[in-house]
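This is what each chain is made of:
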Amino acid sequence: MTGETVRIAQLSCGPEYSGVQKEIYAAAEAVGAEVFFPDLSLADIKRNFRDFGLDVRSGDLKLAIARAVALVEGAADADAVFIASCFRCAEAAIVRNELRRYIHEYSKLPVVSYSFTERTTSGTLLTRMEALTTIARRRALLARERQTGLTMGVDSGSSTTKAVVMQDNEIIGTGWRPTTEVIASADDAIALALEESGVKRDDLDAVGTTGYGRFLVGEQIKADLVQEELTVNSKGAVFLADCQHGPSTVIDIGGMDNKAISVLDGIPGTFTMGGICAGASGRFLEMTAKRLGVDITELGPLAMKGMGDDVPMNSYCIVFGTQSLVNALAEGHSKENVAAAACHSVAEQVFEQQLQEIDIKEPVVMVGGTSLIQGLVRAMGNLLQTEVVVPHHSQYIGSVGAALLSSGFVEKSG
Amino acid sequence: MKEVIPPLYAGTVTKYVFIESYKATPDDIAARAYEVSGGVMIKETCFGLQITGKEEEVERVISHVRELDPAHIYVKDRGFPPGDPRRCRANLGGARPGYFGHEHEMGFIRRIAIGLEKLDSPSDIPASESEQKNTEGLSVKRLMELIIQEA
Amino acid sequence: MAEVFIYPATSLILSDLVARFGHKPLGTALSIRERIQTAGLDSPPLQMTPDDAKKGLRWAAVEVPSGVRGRMSLFGPLIDQAEAAIIVRNPEFAFGCMGCARTDELVEFLVKQKKIPILELDYPADEEEGINFVHSVKNFLTRLGGVS
Chain A
-16 MTGETVRIAQ LSCGPEYSGV QKEIYAAAEA VGAEVFFPDL SLADIKRNFR
34 DFGLDVRSGD LKLAIARAVA LVEGAADADA VFIASCFRCA EAAIVRNELR
84 RYIHEYSKLP VVSYSFTERT TSGTLLTRME ALTTIARRRA LLARERQTGL
134 TMGVDSGSST TKAVVMQDNE IIGTGWRPTT EVIASADDAI ALALEESGVK
184 RDDLDAVGTT GYGRFLVGEQ IKADLVQEEL TVNSKGAVFL ADCQHGPSTV
234 IDIGGMDNKA ISVLDGIPGT FTMGGICAGA SGRFLEMTAK RLGVDITELG
284 PLAMKGMGDD VPMNSYCIVF GTQSLVNALA EGHSKENVAA AACHSVAEQV
334 FEQQLQEIDI KEPVVMVGGT SLIQGLVRAM GNLLQTEVVV PHHSQYIGSV
384 GAALLSSGFV EKSG
Chain B
-8 MKEVIPPLYA GTVTKYVFIE SYKATPDDIA ARAYEVSGGV MIKETCFGLQ
42 ITGKEEEVER VISHVRELDP AHIYVKDRGF PPGDPRRCRA NLGGARPGYF
92 GHEHEMGFIR RIAIGLEKLD SPSDIPASES EQKNTEGLSV KRLMELIIQE
142 A
Chain C
8 MAEVFIYPAT SLILSDLVAR FGHKPLGTAL SIRERIQTAG LDSPPLQMTP
58 DDAKKGLRWA AVEVPSGVRG RMSLFGPLID QAEAAIIVRN PEFAFGCMGC
108 ARTDELVEFL VKQKKIPILE LDYPADEEEG INFVHSVKNF LTRLGGVS
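In order, the protein sequence lines correspond to chains A, B and C. Numbering-wise, our numbering puts 248 at position 265 of the first sequence, and it's gapless, one number per residue. Numbering-wise, our numbering puts 90 at position 99 of the second sequence, and it's gapless, one number per residue. Positions in the third sequence are counted from 1; adding 7 to them yields our numbering.
Treat the hints with care, since some could be wrong.
As the list claims (entries may be wrong) - Sample of chain A residues lacking proximity to chain B, with all beta carbon distances greater than 10 Å (derived):
1) Phe20
2) Pro21
3) Ser24
4) Leu25
5) Ile28
6) Gly42
7) Asp43
8) Leu109
9) Leu133
10) Asp171
11) Gly276
12) Phe303
13) Ser307
14) Lys318
To be verified - Listed below are the simulated PhoX-like cross-link pairs for lysine-lysine, each with C-alpha atoms no more than 25 Å apart in a straight line:
15) C:Lys145 <-> C:Lys62
16) C:Lys31 <-> B:Lys45
17) A:Lys273 <-> A:Lys288
18) B:Lys34 <-> C:Lys31
19) C:Lys121 <-> C:Lys61
20) A:Lys318 <-> A:Lys288
I should point out that these hints are in silico values taken from the structure, not numbers from a laboratory. What you are looking at is a predicted structure, and each value in this text was computed from that prediction instead of being measured. Backbone N, C-alpha and C define an ideal beta-carbon position, used for all residues, glycine too.
Using the sequences provided together with the hints, build the complete structure.
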C-alpha cells in the first residue's frame, strides 16, 4: 500500500465490549489506515441526534448517529466510514442500515457496515478495510474507463483462478483453472490466456491481481497492481455491462462468499461481503449439481426447465440445505424442479442476508462464475423484480477489472 | 495503538475531581492539592484534576481539596490512569464516551450543589422525599368532561 | 460502610454522593480499572477480550449480542457485590459502559431482583428537585448505616 494514511471514521456500538476493537485497529493498520472517532461536543451530539430523527434508546447509538451527521455536514473530516454493531441487535441493525444509507446518499464517503460477534477477527475485516482505503486512495485510478496497452489481469479466487489478456480495450485471451495450489493454478490460467491471445509474458505492459490469492500471486508475477476484489469486480462489471456512468448494483455470488456492491460512476459506495453460511454461495450449487449427477454447467439450463415453488428448500445452513435436497429427491421431485429450488434458495439467502444492506439501483449486474447459472440469475431477477444483466465474460470479471485498472500503470511507466 | 501497554500504576486508584464553583477555579484546587500531594500524582485538566496514587493517599488529598468549596467539588473513580494512550483524546481522534456523560451531568450539577448547601438548613428541605411523579394523566371521564366543556 | 451499586454506573453525581456520605459506590470504573491493571491482557482500549463476552453468559444467554454479554461481565460482579443500590430512572445520554439500552434494562432488572434496599429517583429538573434529590440520597444512605 502506498500513499498517505487513510482516516476511517468509526461509528459503532459494542466492539470495545466484545473484545473486537483491537481487531478493527489491526485490520485498519494492515492496510495503512487509521480508525478514529469523530470529535463532537455534547451539544452537537444532542442537536445532531435530534435532527436525524431516529429516536433510539442506546447512548452509543445516539453517539454514532451524531457522528454520522457531523461527517455528512462536514463538521468532521474522514476519508471513509466503518459502521459496526453487535450481530443480533435489532436496535443497532436499524441504526446501522439507516446511517449507511444516509452517508451514501448525502456524501461521497465510501462506507461499509458490519455486524460482529466476539469471534470476529481482523482477517475477516481486512478485505473490507482494504476496499475502503482503495476507494479513498485510488479514486483517480478507479475512474479509468478504457483499457489501454497490453495488460493482463489475474483473479485468484477460492474456487477458480482466472486470467484475461486485454489489448486496446478488447479481451484477446482468457484462461481459467480450478484453484488447487494457488501459484500453480495461476501459472496454468496465465499460460492459457497468453496462448489464446498469442502474446508472451514479456510483451505485457502491466499486470494486476485480485481475489483471495492476490498477494501471493501478485508477488510471484511481480504485479503492478494488487487490489481487493470489491473494487476490482465493480470496475470490471460496469465496464463489461457498459454502465460506467450513474448508479448500478453488482452482485457476485462466489464460491466462498458473496459480494453485493452499490456502485456510482464505477466506484463502490456501499458494499457487503460474506454470508452466514456456504449455503448461500456457489458451493451449495456445486453440491446440488453433484447430487443431481450433472455438471455445474448443466445446472442452470436444468433449473430453467423446472419450477422450484413446490419444492421445500432452505439453504440458510448448508447442512440443512443438503438435507432438504436429499429429502426433495426422495419425495420424487424432478431434477429440474430441485435444481430450480436450489437456485431460488441461494438467491433468497443472498437477498435476505446481504441485499438488505445496500441500496439496489438498476441496472443490477450479476457477475462471477455463478452468473452463468441461468436458473440463479432468473431467481435473483424474480426476487428483485428486475431484469438482471449478465455481461459477456462475466465469469472473468475480476481479471477484466484487474487488466483494465492495471493499464493505469502503463501510462505512468510510459 | 500497537504496543502492548503493561499495567501502569498497578495497585493505585485514579479519581476525577470536578469543580463547578464561583469561589475556586481548577487552578485553585490544583494548588491546594499540591500542598498535600505527597506521593500522589496530580494531573490538571480543564474540569479539575485527576489524582492517582494509593487509595488512602488519594482520599487524603481529596478531603483537603474538598474543604475549599465542599458543595461544588465532585469526585468519581476512573478506570484508566491519566494520559493512558488507549483512552487519550489525541489517539482516539475524539473524546472517550465517558466524557460526554460527565459533560451531561455537569450541565445540571448546580442543582445538586444547591441540594448539598441546603442540607445544612433543614427548614428548606421539602417535606416529601423524591416520589415518583404521577404520570398517568387524566382519566377518560375527566377528559370527556373537558372536551364537552370546550366544545 | 455499605457497597452501593449506582445506576447509571458511570454517574459522577451518584458516585460523589455515595462516597461523600460514607459508602462505597460501585460503578463500572472499578471493573475497568481491574482490567487495566491486569498484566498480560492486550486488547485496547478497555482490555476487554472475547473471553469477557463468554463470561457474560452467566447473566445473558448466547443469543444475546456480544456487546451486551461483554458489558454484563463488567456489571455482573458489581451487582453480586451490591448491598444497596441507587437508580436514576431513564437516564439520558449515558455512554460507554452504559451506552447499550438493552444491557441497561437487564442491569436494572437484575438489581431489582436482588431484594436489596433500592432508592429510585429522577435526575433533578430544577433547584427544588435538586434539594429533594440530595436529601433523598442522604437519607437513604444514612439508613444504610453510613456517617453523615
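Consistency of the hints with the structure:
1. The claim that Phe20 (chain A) is not at the interface with chain B is violated, since a C-beta of that chain comes within 10 Å of its own (minimum 4 Å).
2. Chain B draws Pro21 (chain A) into its interface by the beta-carbon criterion, the shortest separation being 6 Å against a cut-off of 10 Å.
3. With a closest Cβ-Cβ approach of about 8 Å to chain B, Ser24 (chain A) is found to fall inside the 10 Å limit, against its non-interface label.
4. A beta-carbon of chain B is positioned within 10 Å of the beta-carbon of Leu25 (chain A); the least distance is around 4 Å.
5. With a least CB separation of 6 Å from chain B, Ile28 (chain A) falls inside the 10 Å interface cut-off, contrary to its annotation.
6. With a least beta-carbon separation of about 8 Å from chain B, Gly42 (chain A) fails to lie farther than 10 Å from that chain, contradicting its non-interface assignment.
7. Consistency note on Asp43 (chain A): stated as away from chain B, yet its beta-carbon is not over 10 Å from all of that chain's, at 7 Å minimum.
8. With a closest Cβ-Cβ approach of about 16 Å to chain B, Leu109 (chain A) is found to remain outside the 10 Å limit, as its non-interface label requires.
9. The Cβ of Leu133 (chain A) sits about 42 Å from the closest Cβ of chain B, beyond the 10 Å cut-off, so the non-interface label holds.
10. At roughly 40 Å from the closest C-beta of chain B, the C-beta of Asp171 (chain A) stays outside 10 Å, upholding its exclusion from the interface.
11. Gly276 (chain A), annotated as away from the interface, keeps every beta carbon of chain B farther than 10 Å; the closest lies near 54 Å.
12. Even its closest Cβ contact with chain B, about 41 Å, leaves Phe303 (chain A) beyond 10 Å, as expected for a residue assigned away from the interface.
13. Even its closest Cβ contact with chain B, about 46 Å, leaves Ser307 (chain A) beyond 10 Å, as expected for a residue assigned away from the interface.
14. The claim that Lys318 (chain A) lies off the interface holds: its Cβ sits roughly 55 Å from the closest Cβ of chain B, which is beyond the 10 Å cut-off.
15. Using a Cα cut-off of 25 Å, the hinted pair Lys145 (chain C) and Lys62 (chain C) is violated, with the two alpha carbons roughly 35 Å apart.
16. Our distance criterion of 25 Å between C-alpha atoms is met by Lys31 (chain C) and Lys45 (chain B), whose separation comes to about 16 Å.
17. Among the hinted pairs, Lys273 (chain A) with Lys288 (chain A) is consistent with the structure: their alpha-carbon atoms are about 18 Å apart, no more than 25 Å.
18. Note on Lys34 (chain B) and Lys31 (chain C): the hinted pairing holds, with a Cα-Cα distance of about 24 Å set against a maximum of 25 Å.
19. Taking the CA atoms of Lys121 (chain C) and Lys61 (chain C), the gap is about 23 Å. The hint holds against a cut of 25 Å.
20. A C-alpha spacing of about 10 Å is found between Lys318 (chain A) and Lys288 (chain A), which places the hinted pair at or below 25 Å, so the restraint holds.
Consistency with the previously given hints fails for numbers 1, 2, 3, 4, 5, 6, 7, 15, ordered from lowest to highest.
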